[in-house]
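J.: Make a model of the complete structure from these sequences and hints.
The lines below spell out each chain.
There are 2 protein chains.
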Amino acid sequence: MPAPLEFYFDFSSPYGYFAAERIDALAGKYDRAVNWHPVLLGAIFKQTGMAPLTQIPIKGEYSTLDFSRTARHMKIPFVMPTTFPIASQAPARVMLWIAGHNAEAAKAYAKVAYRAFYVDGFDISKPDTAAALAAGLGHDRNAAMAAIDDPLFKAALKSEVEQAIANGVFGSPFVIIDGEPFWGVDRLAMMEEWLKTGGW
Amino acid sequence: MPAPLEFYFDFSSPYGYFAAERIDALAGKYDRAVNWHPVLLGAIFKQTGMAPLTQIPIKGEYSTLDFSRTARHMKIPFVMPTTFPIASQAPARVMLWIAGHNAEAAKAYAKVAYRAFYVDGFDISKPDTAAALAAGLGHDRNAAMAAIDDPLFKAALKSEVEQAIANGVFGSPFVIIDGEPFWGVDRLAMMEEWLKTGGW
Numbered sequence: 094m095p096a097p098l099e100f101y102f103d104f105s106s107p108y109g110y111f112a113a114e115r116i117d118a119l120a121g122k123y124d125r126a127v128n129w130h131p132v133l134l135g136a137i138f139k140q141t142g143m144a145p146l147t148q149i150p151i152k153g154e155y156s157t158l159d160f161s162r163t164a165r166h167m168k169i170p171f172v173m174p175t176t177f178p179i180a181s182q183a184p185a186r187v188m189l190w191i192a193g194h195n196a197e198a199a200k201a202y203a204k205v206a207y208r209a210f211y212v213d214g215f216d217i218s219k220p221d222t223a224a225a226l227a228a229g230l231g232h233d234r235n236a237a238m239a240a241i242d243d244p245l246f247k248a249a250l251k252s253e254v255e256q257a258i259a260n261g262v263f264g265s266p267f268v269i270i271d272g273e274p275f276w277g278v279d280r281l282a283m284m285e286e287w288l289k290t291g292g293w
Numbered sequence: 094m095p096a097p098l099e100f101y102f103d104f105s106s107p108y109g110y111f112a113a114e115r116i117d118a119l120a121g122k123y124d125r126a127v128n129w130h131p132v133l134l135g136a137i138f139k140q141t142g143m144a145p146l147t148q149i150p151i152k153g154e155y156s157t158l159d160f161s162r163t164a165r166h167m168k169i170p171f172v173m174p175t176t177f178p179i180a181s182q183a184p185a186r187v188m189l190w191i192a193g194h195n196a197e198a199a200k201a202y203a204k205v206a207y208r209a210f211y212v213d214g215f216d217i218s219k220p221d222t223a224a225a226l227a228a229g230l231g232h233d234r235n236a237a238m239a240a241i242d243d244p245l246f247k248a249a250l251k252s253e254v255e256q257a258i259a260n261g262v263f264g265s266p267f268v269i270i271d272g273e274p275f276w277g278v279d280r281l282a283m284m285e286e287w288l289k290t291g292g293w
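First to last, the sequence lines map onto chains E and V. Going by our numbering, the first sequence opens with residue 94, and the numbers climb by one from there. Going by our numbering, the second sequence opens with residue 94, and the numbers climb by one from there.
Source of the hints: derived by calculation from the structure; they are not laboratory data. Treat each hint with caution, since some may be false.
Put simply, identical chains are the same to the list, so a pair is met inside one copy or across any two.
Unchecked claim - Computed cross-link-like contacts, DSBU-like style, restricted to lysine-lysine with a CA-CA straight-line distance of at most 30 Å:
1) Lys-251 x Lys-200
2) Lys-122 x Lys-168
3) Lys-219 x Lys-139
4) Lys-204 x Lys-247
5) Lys-289 x Lys-168
6) Lys-200 x Lys-168
7) Lys-200 x Lys-139
8) Lys-200 x Lys-219
9) Lys-204 x Lys-289
10) Lys-251 x Lys-139
11) Lys-219 x Lys-247
12) Lys-289 x Lys-139
T.: Listed below in structure tokens is the structure:
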């Protein structure tokens with residue numbers, strides 16, 4: 094079995110959302126699984142000195158235009174949230190809690206949380222909302238709420254972020270295929286070619 | 094006649110070099126001309142607070158890997174220069190001097206200067222080198238040297254940079270097609286689709 098793809102994303106990242114909508118299908122075409130890793134760009138940016146896209150002068154306006162243009166191009170529903178960026182600890186910890194018993198259910202939660210934020214406009218940074226979305230998928234609402242403040246899942250998320258940085262992750266989405274790093278949803282075609290050919 | 098593409102690049106930018114090798118052919122397929130604009134990322138980064146790619150922790154290592162990977166993918170010769178990034182005032186001013194009498198000759202100079210830097214390892218930031226490359230194309234060497242320190246071409250380059258910033262340019266390459274901005278050589282396929290379809 095070839096190694097799974099390692100997929101890093103922040104719940105606050107529009108390009109991460111677009112990649113989340115496509116990465117499993119892409120990998121599946123080449124008999125690859127995907128390990129999903131929620132990370133916190135805020136913590137990563139402290140290492141790199143970078144800033145959220147929309148807060149960078151000039152580049153911010155381009156980014157806002159490009160989010161919507163990319164969504165239309167990929168035919169993915171997208172409405173720019175009024176609150177952006179958001180802190181994504183709550184959905185990330187709920188996801189890690191679900192992943193503790195079921196990795197596939199954790200992916201399903203991630204997709205639902207992304208759509209709640211980027212299609213329906215819910216502020217998924219709020220613990221109530223992050224937990225309610227888990228409840229909608231059949232998970233225990235109170236246990237989800239508790240996970241958000243549980244030192245165990247705080248530590249698990251911190252560990253994901255530290256491992257991501259150690260693996261060279263500096264943005265979202267970020268995908269590692271057999272050790273080869275790819276940054277950005279605009280590299281999906283290149284990733285596919287890499288999977289198909291084994292690299293160049 | 095449809096409007097020409099506006100192509101902004103810094104002579105120090107590897108992705109700008111890759112785009113310079115392809116942009117005219119791409120535009121030509123759709124009966125478009127291309128206006129080439131040398132700019133100075135250093136001046137632009139002062140507006141945005143950004144930094145040269147290779148100087149950003151973590152992202153820098155990825156960028157170095159991606160320069161070579163992209164070159165191999167596009168089948169463009171590329172050797173990472175030992176001095177990088179460079180100040181690009183000298184080749185930019187020589188180019189604007191040539192453009193003053195012949196826009197096509199100015200493009201030819203830009204391509205030669207890029208290849209001198211990214212294939213043959215010449216430090217094109219040096220006035221001597223920037224002028225010698227012009228001489229190699231049949232231009233007057235002393236006049237090229239003089240242009241580098243001429244207040245006229247200093248002002249012309251400053252004006253290019255100011256206009257670029259006013260047009261939303263924050264990186265290299267940057268292409269504007271009928272008012273629509275595209276950043277990055279990894280958007281060439283998207284640009285082609287935009288040219289083909291008129292946008293989405």
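J.: A separate judgement is required for each hint: does it hold in the structure or not?
T.: So, going through the hints one by one against the coordinates:
| no. | hint | result |
| --- | --- | --- |
| 1 | Lys-251 x Lys-200 | within (19 Å within a copy, 50 Å between copies) |
| 2 | Lys-122 x Lys-168 | both (20 Å within a copy, 26 Å between copies) |
| 3 | Lys-219 x Lys-139 | within (23 Å within a copy, 36 Å between copies) |
| 4 | Lys-204 x Lys-247 | within (21 Å within a copy, 52 Å between copies) |
| 5 | Lys-289 x Lys-168 | both (24 Å within a copy, 18 Å between copies) |
| 6 | Lys-200 x Lys-168 | within (21 Å within a copy, 37 Å between copies) |
| 7 | Lys-200 x Lys-139 | within (27 Å within a copy, 41 Å between copies) |
| 8 | Lys-200 x Lys-219 | within (19 Å within a copy, 54 Å between copies) |
| 9 | Lys-204 x Lys-289 | within (26 Å within a copy, 33 Å between copies) |
| 10 | Lys-251 x Lys-139 | within (14 Å within a copy, 33 Å between copies) |
| 11 | Lys-219 x Lys-247 | within (16 Å within a copy, 53 Å between copies) |
| 12 | Lys-289 x Lys-139 | neither (35 Å within a copy, 41 Å between copies) |
The structure shown violates just one earlier hint, number 12.
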